Amino acid sequence: MSAISRRELLAKVGVAGLAAAVIPKTSAEDAPTLCIPTGDQSVVLAQETTHSEHENLKSDRPEGSEPSESNYVFFNREEAQFIEAAVARLIPTDQHAGAIEAGVPNYLDKQLGGAWGAGERLYTSGPWEPTRPGLGYQLPLKPGELFHTAIKAINTELNKSGRAFWEMSPDQQDEYLHKLEAGGVDLNGVPSEAFFEQLLGMTIEGFFSDPVYGGNKDMVGWKMIGFPGAYATYYELIDKHGIKFEREPVSLGQSHGLFMPNPNIPAMSPHE
Amino acid sequence: MQRLIKATITGAVAVNVSVIVVAQTLWGPEAYHGNVGRGAKIAAWGTSKGVASCSSCHGYDGVGNGDSRVPRLAGQSSAYLVQQLDDYASGKRNNVFMANFAQRLSAQERADVAGYYASLKSSFPPPQNELAPSLLERGRQLANLGDDKLTVQSCNNCHGPQGAGEHPDIPALKGQYSNYIVQRLQQLASTHNDADLMFPVASALAAQDMQAVAAYYEQLAYSGVH
Amino acid sequence: MPTVLKEVDVVFVGFGWGSSILAKELVNTSLKMVGLERGFPRFTSPDFQSPNIHDELRFAVRKAMMQDNVREAITLRHSMSETALPVRRWGAFLPGTNLGGSGVHWNGQHFRFQEKDFVLKTATEERYGHKFLDALGLTVQDWGVTYQELEPYYDKFEYLCGTSGKAGNIKGQIQPGGNPFEAPRSREYPTPPLKEQYNGALFRKAAIELGYHPYPQPSSNLSVAYTNPDGLKLKPCVYCGFCERFACPHYAKASPQTVTLPIVLRSPNFELRTQCQVVQVNRDSTGKKATGVTYYDAAGREVFQPASIVVLSMFPFNNVRMLLLSKIGKPYDPQTGTGVVGRNYSYQTTSNVWSFFDEDVNLNPFMGSGAVGTMIDDFSGDNFDHGPYGFIGGAYILAAWTGGRPVEQNPLPPGTPSWGKGWKDAVRKHYGHVGQILCHGTSMSTRENYLDLDPTYRDAWGLPLLRMTFDFPENDVRMIRFCTDRALEIGKAMPGSREVSSKIYGQRPFDVAIYQSTHNAGGAIMGTDPNTSAVNKYQQSWDVPNLFVLGASSFPQNGTYNYTNTLMALNLHTADAIRNRYLKNPGPLV
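Residue numbers (the numbering used here), protein chains in the order written: chain A, 1481 to 1752; chain B, 241 to 466; chain C, 3 to 592.
By construction, these hints were calculated from the structure, which means they are not laboratory data.
Values in this document were obtained by computation on a predicted structure and should not be read as measured data.
Any given hint could turn out to be false.
Simulated crosslink set (DSS-like; lysine-lysine; CA at most 30 Å straight-line) [to be verified]: (1) C:K423 to A:K1724; (2) C:K494 to A:K1724; (3) C:K291 to A:K1720; (4) B:K332 to A:K1720; (5) A:K1720 to C:K494; (6) C:K505 to A:K1724; (7) B:K361 to A:K1724; (8) C:K158 to B:K389; (9) B:K332 to C:K235; (10) C:K423 to A:K1632; (11) C:K34 to A:K1720; (12) A:K1659 to C:K505; (13) C:K168 to A:K1659; (14) A:K1720 to C:K168; (15) C:K235 to C:K291; (16) A:K1703 to C:K431; (17) C:K431 to A:K1724.
If you anchor each label on the Cβ, the simulated ranges turn out as follows [unchecked claim]: (18) B:Q427 to C:G179: 28 to 38 Å; (19) A:G1681 to C:P532: 42 to 52 Å; (20) A:G1664 to C:T5: 51 to 61 Å; (21) A:N1551 to C:Q277: 28 to 38 Å; (22) C:G498 to A:K1659: 17 to 27 Å.
Partial list, computed: chain A residues near chain B (C-beta under 8 Å) [claimed, not checked]: (23) N1551; (24) F1554; (25) T1713; (26) E1716; (27) L1717; (28) R1727.
C-beta atoms are modelled at their ideal positions from N, C-alpha and C, and glycine is treated no differently.
Could you build the full structure based on these sequences and the hints that come with them?
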């Protein structure tokens, strides 16, 4: 765990945490709950601690230090290398987790390998004409195809110059991404700005969508901004204007499912 | 690291109490925050203002008593507990017995004792009654899905995953005594208060449905039947 | 060869708000009714329960409740000189599907139009003169029905929904706390206003300071528990922040599921058929009588359902498409300005303003609801003198966070990098500390904005897609710029505001990729003259008297406000006419 100054802790922990910290017998590690934690219930609904103290004192894995595991079903090796390097620049790691720790590559892989990548809700019939301002997406490519095509073009081009994207320095990578974003680069038929827009959009989705989709691991994205997640009743709170809301976020996966006939099948990933 | 933090914080608390009082935090009432050590003393011995010990009914472990419909307090949301004490004191929640205690507790004392009970992680006794599978199944359905014919939404919508509560305002139900839950539902059904979230739900439940959902939540902590 | 079923009295095409309220009003007659819905059945319990419904990715980003573009999309072009291209993914507007339609995932924003809206041409010419209106190049029309005629139906729908609000004008008496500009209503709202968000409270202070008249937004996500005149119960909204694009788990949102379907579905005279795609309204050899509809069922079998009365109540532009595919009514020709089907298509003209606060100002946007705003009508419709400005119409200015969903409801100051450390720093700094204001404005009809069938692109049944020819008229572009400037002034005046920014969606070219509003209107408009309207004031087809076309397709142009209440008032007005007059004497009602 990283060293933390007293001032930092006082600033982060706030009143609630201070009071909790003077409890002689309990610490945030045995944070109070109404439920006995069972084997498959790793969530603890902290009541007396702020979430930041919770992380500092409870977790033995410092936030932001380990990448999430990914078993790629859609990306091949070179694509995965590009994606991992690219999303690490789009949402970098700093004092909070970035795209890598949040599992954004895994999110992208499962989305592109699933219904979204195969073109759900996309009218794909031709004829196809280049888009015009205000007319949206017009390529014949489904999202999965778009990524395959664009990344292959990028990797091929960069291999020619002798340096793959993931071998560049961070500054060089940023420069290259800005170039894609600005447009004007043809990626085997995919305008680079169209690819970049999808890549960035899906990266943000992967950082902030519910962890059941494979990203926002351990709700690091939600914790960074203070978004409470899937359980949402604020009837008594909405008119307490300006109040600081610090409940641990909760994901869809923590409900053990609405419809669970077999209690031996956990509704959460074994990695959680 | 934990010990180091506690040592420094204790010092800070002793010296700078006025700085710590912040009007806008979520936990506990607006102007105060509960001190668990003080709360433990109130729970054990009561106060000099003639408040008997909470533990004589609710237990020092906060486990309460299902037969006597004394609710479990251990691990409940502290803000919710404070709100109940406030409501008992004002008469908004009608209980002559609890009103007597609540009125004699200062706002700080309410926060303290609520904070103490909230901090406990006491075990759960086995459910009071033998539970018919059909009753549990109905309870499970209401808790997780609701019932469209009754226009009742799932309890967990508000009461959280497995009824663990949505703090600060919405209490945990998991492991609460079914007798107590049923009684409370009956009280809530009789308020006729359209601005209360529980009135329209409780008043839509027949006696058997109240029994079912209460039984389901009681056994959830002990048997773990989801 | 299609399977031919036994004739029924009424067949409904599409089963959302419009059809279900008409069916509900006819349930006490002995009429045999069939509702055909292309999507699936769904009900509050179990289908809309938490936590699964609180899934931003699935419902807001991937649009799970919306029409499937794979099977049926539309095409769009900005002017007649261009080729229309498919709207391959929904963006600016999100037509719904499945039982209950858009009534399930609407925001519950429940407004009445103003008196002048129904007589817009006459009222504008009266106030500003013929020349003023002619110079603007608009084809606005009077509706053929007045606010006074609709007032009892507005009232009826509000009381069915239990709408939460504060009246501003009861029978001509201005009421404190309400909207002083509103059209006169006969009585107070059925339930009191929602609680006010912090965002709204700050807006209120600023608006008052600037001399405006803030009031609570009327909401059909209710403030308290309510039992409606039919005995149906709704519950209080819990401000969960997952309203538009989502369904309500709590029975707090007025929707077909909570207000009409419980009555309709328990009637023995009514049969619901889902997964039925209607492809045509059939007529007899005279062409003046509808004989029923043809549809494909879930297994792809062709079925003909004969009926004495046919009701089209789909998403508005789908109504228009059905008329065109069925060759009912004269298609509009923009070159000559003749014809009526596809004429006067309009939309909604909008913008956003954001106000950025310090990090200790917690606006808690995730504590939201679909209609939890504080707003002003000082610049709506014709509430101010347009003489100096050279445009007509206006916008309401509303402060609201319907939620604080992190993927999509996360505005950042201009100049913020779109990615990288700079982006991350900005998100950390600003999320939860931004105020949001919306300008929601009128949309005027023009000769060039219209609907017809696309010559090239087809749906999964092989039928031509609807083609939309639309861009914002210059009039509306001027209007929204003016109103956005007013909103920026208010945003700056919100106590604690450090910086403001704006984004105007109502500009040319219309961008179909960015969400704006799902209030597409017109194309089968109502009026007094069959040469310039497709339906009469009862939404009855001029050409085929046993065909009724319900919904916002009837609007000659679109008003300032979200239009559900208005189209439902029209539908209740239609229901009365059918029940009390048409059934006794079938034929043209006008």
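Hint-by-hint comparison with the structure:
Distance restraint check for K423 (chain C) and K1724 (chain A): the Cα-Cα separation of roughly 25 Å lies within the 30 Å cut-off, and the hinted pair is therefore satisfied. In summary, the hint linking K494 (chain C) to K1724 (chain A) is supported, as the alpha carbons are separated by about 24 Å, within the 30 Å threshold. Distance restraint check for K291 (chain C) and K1720 (chain A): the Cα-Cα separation of roughly 60 Å exceeds the 30 Å cut-off, and the hinted pair is therefore not satisfied. Distance hint between K332 (chain B) and K1720 (chain A) is fulfilled; the C-alpha atoms sit about 20 Å from each other, no more than 30 Å.
Between the alpha carbons of K1720 (chain A) and K494 (chain C) the distance comes to roughly 23 Å, so the proposed pair stays at or under 30 Å and holds. For the given pair, K505 (chain C) sits about 29 Å from K1724 (chain A) by alpha-carbon distance, which is consistent with the 30 Å threshold. This hinted pair checks out: K361 (chain B) and K1724 (chain A) have alpha carbons roughly 26 Å apart, not beyond 30 Å. Between K158 (chain C) and K389 (chain B) the alpha-carbon distance is near 24 Å, which keeps this suggested pair within the 30 Å criterion.
Note on K332 (chain B) and K235 (chain C): the hinted pairing holds, with a Cα-Cα distance of about 25 Å set against a maximum of 30 Å. Taking the CA atoms of K423 (chain C) and K1632 (chain A), the gap is about 27 Å. The hint holds against a cut of 30 Å. Of the pairs offered as hints, the one joining K34 (chain C) and K1720 (chain A) is violated, with about 52 Å between alpha carbons and a cut-off of 30 Å exceeded. Pair hint K1659 (chain A) plus K505 (chain C) holds up; C-alpha atoms about 25 Å apart against a cutoff of 30 Å.
Taking the CA atoms of K168 (chain C) and K1659 (chain A), the gap is about 54 Å. The hint is violated against a cut of 30 Å. In summary, the hint linking K1720 (chain A) to K168 (chain C) is supported, as the alpha carbons are separated by about 21 Å, within the 30 Å threshold. Restraint check: the Cα-Cα separation between K235 (chain C) and K291 (chain C) comes to about 40 Å, which exceeds 30 Å; the hinted pair is violated. This hinted pair checks out: K1703 (chain A) and K431 (chain C) have alpha carbons roughly 13 Å apart, not beyond 30 Å.
Taken as a hint, the K431 (chain C) and K1724 (chain A) pair is honoured in the structure, with Cα atoms around 15 Å apart against an allowance of 30 Å. With their beta carbons about 34 Å apart, Q427 (chain B) and G179 (chain C) fall inside the hinted range of 28 to 38 Å. The beta-carbon spacing between G1681 (chain A) and P532 (chain C), approximately 48 Å, falls within the hinted interval of 42 to 52 Å. Between G1664 (chain A) and T5 (chain C), the C-beta spacing of about 57 Å keeps the proposed range 51 to 61 Å intact.
Range check, N1551 (chain A) to Q277 (chain C): about 36 Å between beta-carbon atoms, so the 28 to 38 Å window is met. With their beta carbons about 40 Å apart, G498 (chain C) and K1659 (chain A) fall outside the hinted range of 17 to 27 Å. Look at N1551 (chain A): its Cβ only gets to about 27 Å from chain B, farther than 8 Å, so that hint breaks. Given the 8 Å rule on beta carbons, the hint for F1554 (chain A) is violated: about 31 Å separates it from the nearest Cβ of chain B.
Checking T1713 (chain A) against chain B: minimum C-beta separation of about 4 Å stays under 8 Å; hint holds. With 8 Å as the threshold, the beta carbon of E1716 (chain A) comes within range of chain B, its nearest partner Cβ sitting at about 4 Å, so the hint holds. At about 7 Å, the closest approach between the beta carbon of L1717 (chain A) and any beta carbon in chain B falls short of 8 Å, and the interface hint on this residue holds. A least Cβ separation of about 6 Å between R1727 (chain A) and chain B falls short of the 8 Å threshold, and the interface hint therefore holds.
The structure is inconsistent with the numbered hints 3, 11, 13, 15, 22, 23 and 24, although it conforms to all the rest.
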